[in-house]
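Residue numbers are given in my numbering: position 234 of the sequence shown equals residue 223, and the series is strictly consecutive.
Hints are not guaranteed to be accurate.
[Stated by the list, open to error] BS3-like, lysine-lysine: derived pairs with alpha carbons at most 30 Å apart:
#1 Lys58 <-> Lys75
#2 Lys75 <-> Lys211
#3 Lys75 <-> Lys6
#4 Lys249 <-> Lys147
#5 Lys58 <-> Lys180
For the record, the hints were derived by calculation from the structure and aren't laboratory data.
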Amino acid sequence: MAETNRNTYAQMVHQAKQRYPQHAHLCQRLLCDRLDWTLTDFMLHAHKEPSIAYCQQYEHDLIELHSGKPLQYIVGKEWFYARAFKVTPDTLIPRPETELLVEHALSLLEHYEQASILDIGTGTGAIGITMKCQRVQDTVVLSDISLPALAVARENAKMLQADVTCVQSDVFSHIQGTFDCILSNPPYISKQEVSQVDKHVLEYEPHLALFAEHQGLAIYEKIAREIAMYLKPNGHAVFECGYQQAEQVKEMFQSVFPKKDITIYQDYAGLDRGIIIQGGAR
-10 MAETNRNTYA QMVHQAKQRY PQHAHLCQRL LCDRLDWTLT DFMLHAHKEP SIAYCQQYEH
50 DLIELHSGKP LQYIVGKEWF YARAFKVTPD TLIPRPETEL LVEHALSLLE HYEQASILDI
110 GTGTGAIGIT MKCQRVQDTV VLSDISLPAL AVARENAKML QADVTCVQSD VFSHIQGTFD
170 CILSNPPYIS KQEVSQVDKH VLEYEPHLAL FAEHQGLAIY EKIAREIAMY LKPNGHAVFE
230 CGYQQAEQVK EMFQSVFPKK DITIYQDYAG LDRGIIIQGG AR
């Protein structure tokens, strides 16, 4: 540590990669995210010497990273759809594959001049806030059963200047009105799958946002029981799910909407990742 304050930013990252080769792919991002830098910023400042205070901060961050703490919780943010969202231990870290849910929702609403959108189990607000940022004319409601998570979503909405409504609700329990589009990435890991979950996810991420009863299907069952009262007749929905659950989730909602077109979409790895419920008659 005695020498680090005499190094440039580039040298700090290089040395960090040598010390922690298993985290080499994260060392530069850790530095940039802590400083709110882009890659371009790093290139512009790489030859400069950081302050002693920042050297100490970076050293502390590296130790936390090596201990297994997710980078996103160390720096307090994650990128989603090219925007930085605040994350805390009260919220799940947004995943890249969830951007696909947003892309499908945007496609479904492409011809709507204005739409009403509900994001169930919003967490950081990444899904609903992104929809609002992409479609500023829409009305967006973010809901979550967790008040601490909802507080983070409010902060993100304010930071990203997204005019949304936040409601504490257990699925539809405190939701009013009907919607053109209902979105959700609910907890879907079953208790039986705990042994398959990364130990660092188990240790650091909120279990309320990870696990569900009934083989991980409990929240989908709750949504399916009441969705017909909250989705407009020609409305759409997109739900993320586990790769082994897609067929079951599809069948569940097909029984609610026998006349709607319900399809399964895949993630970047080609695995089933969610379902798309398209407008049309019920």
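Here's how the hints hold up against the structure:
no.	hint	verdict
1	Lys58 <-> Lys75	16 Å, holds
2	Lys75 <-> Lys211	28 Å, holds
3	Lys75 <-> Lys6	26 Å, holds
4	Lys249 <-> Lys147	36 Å, violated
5	Lys58 <-> Lys180	22 Å, holds
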